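Colleague: Chain residues, written in single-letter form:
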Amino acid sequence: MTVAISAKEIISQLNTKFPGAIEEAGADSVLVKSDSLLAVAEYLKTAEGFKFEYLNYITAVDYYSYFEVVYQITSLESNRSVVLKARSYTRDNPTVPSVTGLWQGADFQEREIYDLMGITFEGHPNLKRIFLWDGFPGYPLRKDFNQ
Amino acid sequence: MKFERYGIGIIKGMAVTIKHLLRHPTVTQFPDQRLNISRRSRGNELIWSREKCTGCATCAKTCPQGAIEIVTSTNMAENKYEVETYRVDTGYCIQCGLCVEACPYDALFMGYSYERAKYRRAELVQSNDELLESPSRPASGYFHPEIAETLPKQTLLVEKIVEKRKKK
Amino acid sequence: MAIFDSALIQPLAMQVTPPDWPGGYWWHWLFFTVAIIAFVLIMVMGAIYLERRGMGRMQSRLGPNRTGPFGLLQPVADAVKVLLKENIVPTTADKIVHWLAPVVAFAPVLVIFAVVPFQNGAMLADLNIGILYVVAVSSIATVGVFMAGWGSGNKYSLLGAMRNVAAVVSYEIPMVLAIVGVVIVSGSLSMNQIVTGQDIPYILVQPLGFLIFFIAACAEINRSPFDLMEADSELTAGFHTEYSGMKFAMFYLVEYAEAIAMSAIIATLFLSGWRGPWLPPWLWFIIKTFVVFFVMVWTRTTLPRVRIDQLMGLAWKFLFPLALINLFVTAIQVVVWPDISQWIFVIVNIAIAAVLILLWSKFFKLGQGRVEV
Amino acid sequence: MTTTRELTLKTEPFVLNIGPVHPSTHGVYRMRCTLDGEVVVDIEPVFGYLHRGIEKLAEERTYTGFIPLTDRLDYISPMSNNLGYCMAVEKLAGIKVPERAEYIRVIMAELQRLANHCIAVGSMLNDAGAYFTPFMYTFRERERIVDLFDMVCGQRLTYNYMRIGGVSQDIPGEFLPALHKLVDRLTIFIEEYENLLKLNEILLARAKGVGILEKDTAINCGISGPVARASGIKWDIRRNDPYSIYDRFEFDIPTCENGDCYDRYRVRIEEMRQSLRILQQAMKQVPKGPVKADVPHLIRPPAGEAYAHIEAPKGELGYYIVSDNSIAPYRCHIRPTSLINLAALRQMVKGWKVADLIIIFGSIDITMGEVDR
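Residue numbers (the working numbering), protein chains in the order written: chain D, 987 to 1133; chain E, 571 to 738; chain W, 3 to 375; chain B, 322 to 694.
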């Protein structure tokens, strides 16, 4: 059974490793500051005892005051998973670092989020619109998208 | 020893196809031979019962496509709602059957008929009397088990091995 | 069948000389030209019907059964439909080449039938180099196919045409070597004499040769599993992607006429042509042609398509050495033991063929083939 | 066996546009391929031809009203889509599903897996070039399965059968006997189908060792489902994160080592066998009882978020739903199995030929409805 790893378990380790990187720790999710997301993700992917090498999905939610990007990563060996979250508090040009370098599977999903939610992923090699055409006005999944 | 590379696989495959040459084909020639469709078939058109409908508009609220339009007025004399217009845009309808499930008064049925294509888009918008049940548009047993029992049994491909297929 | 009877009494050594018809050569040529064209068209219709119905039944469907009794008129209906279609020429096409290609592809196929004996001596021209003529003429159709691929100005067409040229050039060699085996045994290049010499069908005397010839013939006329030129799942329709209407009909005709021609040649070379008991010879010939064609339909229904490099590998690494060995073995048999009953060779050759195929199958490997880019 | 580029002639690369309208792109997928002769140098996938904005539509529909739209995601396996979505909402609202409904759901999901693999295997082999025969056979069996879906829910493609808290209607009385017959029939069918192409030499040459997906790449790309299992990742959500009542059944997770096209085909066939095993166990145990929990039609789950994932036929299908305690989801993200499985396509096809590109693409088994959403 994929045990959602309790955030408390890793929060202490992450706090010692990356002081100040954790914004908030929920019941089964860890909210990471977006500028330290890459470092935390890489640590979780490679560090012994974690090995979260499988990226289930990336998605983004528009909460009006901020955008939240959600990553669920799973360790296939220990059968545990954890949800990472990163927030971007601007609406004009929200940016989150790209994790394509860590997980290749993030490529299309980040492009999709960029296309539909308008979040720029810094460091993405090919950040173009994926479903809609170039020059499509607005980002449809944003809550203030006007049809 | 595996006979993987001496043409054995090819010969085996060719035996399968030649066996099929002698079997009866599975297909049905549609306009001539018709199989019985499912008793719960969600057919082309919605069927509405004027008597049972109270105008509560649950169906309209449920419809994910917003294809149902219902206009009611109050009949003060009998103290109930009177349905003035019941209009379904079957062009938008996706035959999901949620309206039939939601109807608290069993006033809606899915259609059992098929081949109900129309020549004009405007004809797809049906209202009031066009929606009533008629011999050409029977009601299906979807969510109405009492109707399902009266309908003919569905032809199952797995049961009906083709030989007995009769021409209608 | 009175007209054929006069042909029957002809001496076997007549070579190029047409039979002694009332009115001379010209009547003979006129009759057989008309007969061949009619034969090809009718056989193609039969072939299309057989293929579509047979394939349908093998795929547990019915196949066309609406037009005429048992759907027999379906090819006619198809022909009428396709002839009434608009003729579209792409703007990027090379107009002249695009127009000329179907003609270039179609003509040689008809010409092949000039030397195919429908009955003893019943043929347009009993060339003493008949089989050589077939080999020479049948490759001309490739030029038409390449013209179609090039002239269409479509990348799919070009890819298909290139594949076709590569395949035909490669498969000519094992095909000719397989034919040479037959020629050595029969001692003649004339199609009619090859048939008259076949007391035992050469499929038994030359089992390996038959296999090689059949595979090579399939590859040359784009029949599955070697239908790379029009691979519908890869190249949509290959070289005739951009063809419509009458010109497409020509290509369709070529495809089936080629298949019929190859079936006829296989029937002649390996299945003892028009010879057979009870039935009239021409009927035997048609039956054998259709049997061979049915095998082609059968393989088409069952087998997946090979890849282009595997196609080449099969020709050069599998068929070519086997054809050479077959040729040597046959030559030795004919030269060293010319008087032994052929039945002994039948047994020996079948054994040799089985051993060779098993041996080669063990070492020959297809697959892989990734190129580092 | 890889040959280096230096050994061959230098050629000019050209761009071939495969799709969006092409017989083997399984919908409206488009690949802009750079070819060097026949060799694929690079591909650039282009999506979006079927984008309907389903995630946005979900925000404008009620929780129940979105179920019919999930049918339209992966239209080859709508039951699994229904199941995944309903499970996500149940997780969000904390609804307990009745026992009988769970069994019906499992039966439907496994039948759906059979139906999906029928299409996946059939169309992959059809892409390999066997002229529609494997496709016809599997499609015939799919029709038999779809008959049962038709019986329970009245539609043959867009089932809309699962509901939040159960299923829409109880199965009719004739369902279980028909299921018994179907399971028997499919067991026979799979054996016969194995004879058709399992050891076919041409298929082995075409598919074995072709389009290898390494295990590390597969994990890194987030590949799931049969494609991942063919690469040797023993990962099945039915076993690793048992949902519904899958922990009550005995079944194996078939895996292969090489991760080539042939392994993907083998894994799918084995999974069909395992699905039949689950069905055999499940149909004996179906208990009596209600089939739907008492859930209001306009359900308002408490504010929060939930991610539920199931092992859909194509891989991990997940729904991430955020609720704000209204009648409609605040955000509904669908983890698109097909889109994520395509992430490794570029690495898989590089250096292979056009024909391989088609079969590799076919072996991944995608549905454009799910890729573009």
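Keep in mind that the hints were calculated from the coordinates and are not lab data. Nothing here was measured: the structure is a model prediction, and the numbers come from that model. Take these hints with a grain of salt, some might be off.
[What the hints assert, rightly or not] Partner residues aside, some chain W positions facing chain B, computed with beta carbon under 10 Å:
no. : residue
1   : Gln61
2   : Arg63
3   : Asn67
4   : Arg68
5   : Ile131
6   : Leu134
7   : Val137
8   : Ala138
9   : Arg165
10  : Arg309
11  : Leu329
12  : Leu360
13  : Ser363
[Stated by the list, open to error] Here are some, though not all, of the chain E residues that point toward chain B, as calculated from beta-carbon distances under 7 Å:
no. : residue
14  : Thr644
15  : Pro708
16  : Tyr712
Note that the Cβ used here is the ideal one computed from N, Cα and C, for glycine as well.
Colleague: Which hint numbers doesn't this structure obey?
Modeller: Hint check: 3, 4, 5, 6, 7, 8, 11, 12, 14 and 15 fail, others pass.
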